[in-house]
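Student: Protein sequence lines correspond, in order, to chains A and D.
Just so we're aligned: the first sequence equals residues 1 to 391 in the working numbering.
Just so we're aligned: the second sequence equals residues 392 to 748 in the working numbering.
Some hints here could point you the wrong way.
[As the list claims (entries may be wrong)] Here are the in silico distance ranges between beta carbons for each label pair:
no.: 1; chain 1: D; residue 1: Ala-647; chain 2: A; residue 2: Tyr-68; range: 50 to 58 Å
no.: 2; chain 1: D; residue 1: Glu-563; chain 2: A; residue 2: Thr-248; range: 47 to 55 Å
no.: 3; chain 1: A; residue 1: Ile-130; chain 2: D; residue 2: Phe-620; range: 16 to 24 Å
no.: 4; chain 1: D; residue 1: Lys-489; chain 2: A; residue 2: Val-63; range: 23 to 31 Å
no.: 5; chain 1: D; residue 1: Glu-563; chain 2: A; residue 2: Glu-308; range: 31 to 39 Å
no.: 6; chain 1: D; residue 1: Val-601; chain 2: A; residue 2: Arg-278; range: 46 to 54 Å
no.: 7; chain 1: A; residue 1: Pro-158; chain 2: D; residue 2: Arg-732; range: 25 to 33 Å
no.: 8; chain 1: A; residue 1: Glu-308; chain 2: D; residue 2: Arg-732; range: 36 to 44 Å
no.: 9; chain 1: D; residue 1: Thr-456; chain 2: A; residue 2: Gly-358; range: 43 to 51 Å
no.: 10; chain 1: D; residue 1: Glu-599; chain 2: A; residue 2: Gly-77; range: 46 to 54 Å
no.: 11; chain 1: D; residue 1: Leu-410; chain 2: A; residue 2: Ser-194; range: 42 to 50 Å
[To be verified] Below 30 Å or equal to it, Euclidean Cα-Cα: the simulated DSSO-like pairs (lysine-lysine) are:
no.: 12; chain 1: D; residue 1: Lys-745; chain 2: A; residue 2: Lys-311
no.: 13; chain 1: D; residue 1: Lys-621; chain 2: A; residue 2: Lys-15
no.: 14; chain 1: D; residue 1: Lys-444; chain 2: A; residue 2: Lys-78
no.: 15; chain 1: D; residue 1: Lys-632; chain 2: D; residue 2: Lys-593
no.: 16; chain 1: D; residue 1: Lys-528; chain 2: D; residue 2: Lys-484
no.: 17; chain 1: A; residue 1: Lys-190; chain 2: D; residue 2: Lys-676
no.: 18; chain 1: A; residue 1: Lys-78; chain 2: D; residue 2: Lys-497
no.: 19; chain 1: A; residue 1: Lys-15; chain 2: A; residue 2: Lys-190
no.: 20; chain 1: D; residue 1: Lys-444; chain 2: D; residue 2: Lys-489
no.: 21; chain 1: D; residue 1: Lys-497; chain 2: D; residue 2: Lys-528
[As the list claims (entries may be wrong)] Interface residues of chain D toward chain A, partial, derived using beta-carbon atoms under 10 Å:
no.: 22; residue: Arg-400
no.: 23; residue: Phe-412
no.: 24; residue: Ser-415
no.: 25; residue: Glu-726
These are computed hints drawn from the structure, not numbers from a lab.
Here a beta-carbon is modelled for each residue, glycine too, at the ideal position from N, C-alpha and C.
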Amino acid sequence: MSGQRCAVVGIGQTKYASVRDDVSIAGLLREAAVRALEDAEMVWSDIDAVVIGKAPDMFEGVVMPEAYLADALGAAGKPMIRVHTAGSVGGSTALVAASLVQGGIHDKVLTVAFEKQSESDAMWALSRPIPFAPPTLAGAGGYFAPHIRSYIRRSGAPADIGIKVAVKDRLNALKNPYAHLHMEDISFSKVEESMMLWDPIRYLETCPSSDGACAMVLAAEPIGDAAASRGARPPAWLHATAMRSEPTMFAARDAVNPRAGQDCAADLYRQAGITNPRSEIDMAEIYVPFSWYEAMWMENLGFAPLGEGWKMVEEGATALDGDMPINCSGGVLSSNPIGASGMIRFAESALQVRGMAGEHQVPDCRLAMGHAYGGGSQYFAMWLVGAAKPG
Amino acid sequence: MSTSAGETRVPVMEAPNVLEFPFSRSTGPVIGAFMTALRDEAKILGATTATGKVIVPPLEYDPETGEATTGLVDVGSSGVVTTWAWVREPGPKHPLAKPFAWALIKLDGADTALVHAVDAGSPDAMSTGMRVTAHFKPEREGHIRDIECFVPSSGSAGGESGTPSGGVRTPEEVFSSGTAPNEGSADASTGQADEAPGPVRKISTPIELVYRFTAGRATSRFVRGLLDFKILGQRCPSCTKVYVPPRGSCAKCGVATEEEVELPTTGTVTTFCVVNVPFYGQKIKIPYVTATILLDGADIGLFHLIQECEADEVHMGMRVEAVWQEPENMVPGLEAIQHFRPTGEPDADYDTYKEHV
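Generate coordinates for the entire structure from the input sequences, incorporating the hints supplied.
Tutor: Have a look at this one:
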């Protein structure tokens, strides 16, 4: 990876919930940002620049929210940038923030991503009739369900893989105090019997609709070194960062296993000198809004051979005690403030290598992946973070 | 009028595209207290900062320092116009139906100015530095529009006293001291509950945006074809793939697509979804099937509805055909095709469409 070394020295999350009507949008971001500053042992005046991200403005009906949020994020007199790459935005926002440190522009960058889904209806916002097109849009599930059906046909996966992922992630969420869904009674039959919303996607195989924000402080090497020497809250070091995108529609596009995702992962592994990602990476937090996508992304990320991602689920490899733990936090399936969901993946991977993931900590986690995707599987953002500095 | 030689330009198609939604906004404690005081006390609150300033309307965080504001204080309902602009023709969503001024008004006791409407009758009656006074609506709901407008202050004193009353309050104190707008005057004998409505924590902010959607040349040709009961695709000159609907370019090769290809109305279902989710603005009764249909001779799937069979009968490889709208119901766009329906032919062999699954 080129550029200056960069460390995650502060992480803050809100408790994710279906409705946070006790706070404004600004108050929601503030909560996460204050926690990240406290974790970093910093105050507002320490921060050099602010980078924020969220999904489409139609989700809250606030156009250019970054203008209104500058006060809440202490951004007066500082550079403030807003990033937008649909559902992957939380990941790409963190990477834009990281690039400011890696490029030697700033030493301490606050990055925040959020969504307050309770102010609107994402189904509505994603299903607007477009003139001259048929009225077939039916939310994110309506777009992704046919691709899941294609994956099942191509791989010959058993029909219950999506159910198994849904149960695993909700069990993991019970170990994460910030998770939105805490379903004590989650079970295979409960998922199986839940309503078929977008066949083949059942209700409990989908992500919830959440309010929430996630924040991180990214800092230059000397600040990371200082955090390491204080010891109580060690830094996570960036080992690799990558983003890729591709058009949503072109002839012979593989929407199940998109080229942009494969290329993004390959770039990441090249930067970190990784040849066998499954054995060299200790855990991954990946963007799985519909449970089947865990199996699909195992292949796209090169953790499993083509057509065999579902076997990792079936064998329990992706469980907290498996050889490739995926979404130990409960993942997007347990908390989905859309714009923040990607950043939560990145933050949770950093918490793991910092040894600060609490009950959902993977033992001796040295290298972890954060992953996000968005749009019609057209935007990808990924990073690898380590407990030690990159070599 | 002479015209120069050249191509005949066929106009692109246009259609209205309206976005509207009743967004609900959580106010948070500070803005919530401001709105509660407007409603219950007909008072305007400012936020105090650690540096001793009063921000009106209140903010949760001091823009100068980033620190949280420290409390709420009443400011006067009169103040000074610091700048203004005259609105000759009020729009449908403006606060007043007659010409008025948008003005920045620095209320007595405030350090920042509030934007609001001033009803002065004529621009000649407006001036920077003039004093104005808030005119509250009698029925208030907890919204900035509880102030109907500001009016020029009467009398030589230039309006009521500029001294704000009371000390610094917390949002909780504002919430608890509030009285319902009509409390005290309500007739108990009517049996009306007349309960205090509680603090303002949420407001509705309906938003409507009216766009004019322009289709572009490729889509316009496609739509005009549909009105003639024809499905027109375009072939990429580089990869030779046939796009339908045509987009005027091949996203893979990055080149314009010009060659037009008429496609049959038959095709194969490559994959699909049974939609069983209700949502705001939905047009079709659930459950319904949306499918990717690979028209015979096309190289990209078309997304449309499958009907005239049960949802659970739809499957990959099913052969389907387009059902056109009746001529009297014809609409420009892909809705010219009502839906696709099974042809009854044997399923397509998987190998013939597996590249599209």
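Student: So, for every hint listed, does it hold in this structure?
Tutor: Hint-by-hint comparison with the structure:
1. For D/Ala-647 and A/Tyr-68, the hinted distance range of 50 to 58 Å is not satisfied, since their beta carbons lie about 41 Å from each other.
2. Checking the proposed 47 to 55 Å range against D/Glu-563 and A/Thr-248 shows it holds: the Cβ atoms sit about 49 Å from each other.
3. Look at A/Ile-130 against D/Phe-620: about 22 Å separates their beta carbons, and that is inside 16 to 24 Å.
4. Separation of D/Lys-489 from A/Val-63 is about 28 Å and conforms to the stated range, judged on CB atoms against 23 to 31 Å.
5. For D/Glu-563 and A/Glu-308, the hinted distance range of 31 to 39 Å is not satisfied, since their beta carbons lie about 58 Å from each other.
6. Checking the proposed 46 to 54 Å range against D/Val-601 and A/Arg-278 shows it holds: the Cβ atoms sit about 52 Å from each other.
7. In this structure the supplied range 25 to 33 Å holds for A/Pro-158 paired with D/Arg-732, their Cβ-Cβ distance being about 32 Å.
8. Judged by the Cβ atoms, the range 36 to 44 Å given for A/Glu-308 and D/Arg-732 holds: they are separated by roughly 37 Å.
9. Between D/Thr-456 and A/Gly-358 the beta carbons are some 33 Å apart, a value that contradicts the proposed interval 43 to 51 Å.
10. Distance hint check: the CB atoms of D/Glu-599 and A/Gly-77 are about 36 Å apart, inconsistent with the given range 46 to 54 Å.
11. About 32 Å separates the C-beta atoms of D/Leu-410 and A/Ser-194, a value inconsistent with the hinted range of 42 to 50 Å.
12. Distance check on the hinted pair: D/Lys-745 and A/Lys-311 sit about 22 Å apart at the alpha-carbon level, within 30 Å; holds.
13. With a CA separation close to 54 Å, the supplied pair D/Lys-621 and A/Lys-15 exceeds the 30 Å bound.
14. Our distance criterion of 30 Å between C-alpha atoms is met by D/Lys-444 and A/Lys-78, whose separation comes to about 22 Å.
15. Pair hint D/Lys-632 plus D/Lys-593 does not hold up; C-alpha atoms about 52 Å apart against a cutoff of 30 Å.
16. This hinted pair checks out: D/Lys-528 and D/Lys-484 have alpha carbons roughly 17 Å apart, not beyond 30 Å.
17. Proposed proximity of A/Lys-190 and D/Lys-676 is supported: the alpha carbons are some 27 Å apart, at most 30 Å.
18. The hinted pair formed by A/Lys-78 and D/Lys-497 meets the criterion: a straight-line CA distance of about 27 Å does not exceed 30 Å.
19. Note on A/Lys-15 and A/Lys-190: the hinted pairing holds, with a Cα-Cα distance of about 25 Å set against a maximum of 30 Å.
20. Among the hinted pairs, D/Lys-444 with D/Lys-489 is inconsistent with the structure: their alpha-carbon atoms are about 35 Å apart, more than 30 Å.
21. A distance of roughly 20 Å separates the Cα atoms of D/Lys-497 and D/Lys-528; the hinted pair therefore holds under the 30 Å criterion.
22. For D/Arg-400, the interface hint is violated, the least distance from its beta-carbon to any beta-carbon of chain A being 19 Å, above 10 Å.
23. Proximity of D/Phe-412 to chain A holds as hinted, the smallest CB-CB distance being about 6 Å (cut-off 10 Å).
24. Evaluation of the D/Ser-415 hint against chain A yields a held restraint, the C-beta minimum of about 6 Å falling below 10 Å.
25. Nearest Cβ of chain A to the Cβ of D/Glu-726: about 6 Å, under the 10 Å cut. The hint holds.
Of the numbered hints given earlier, the model fails hints 1, 5, 9, 10, 11, 13, 15, 20 and 22; all others are met.
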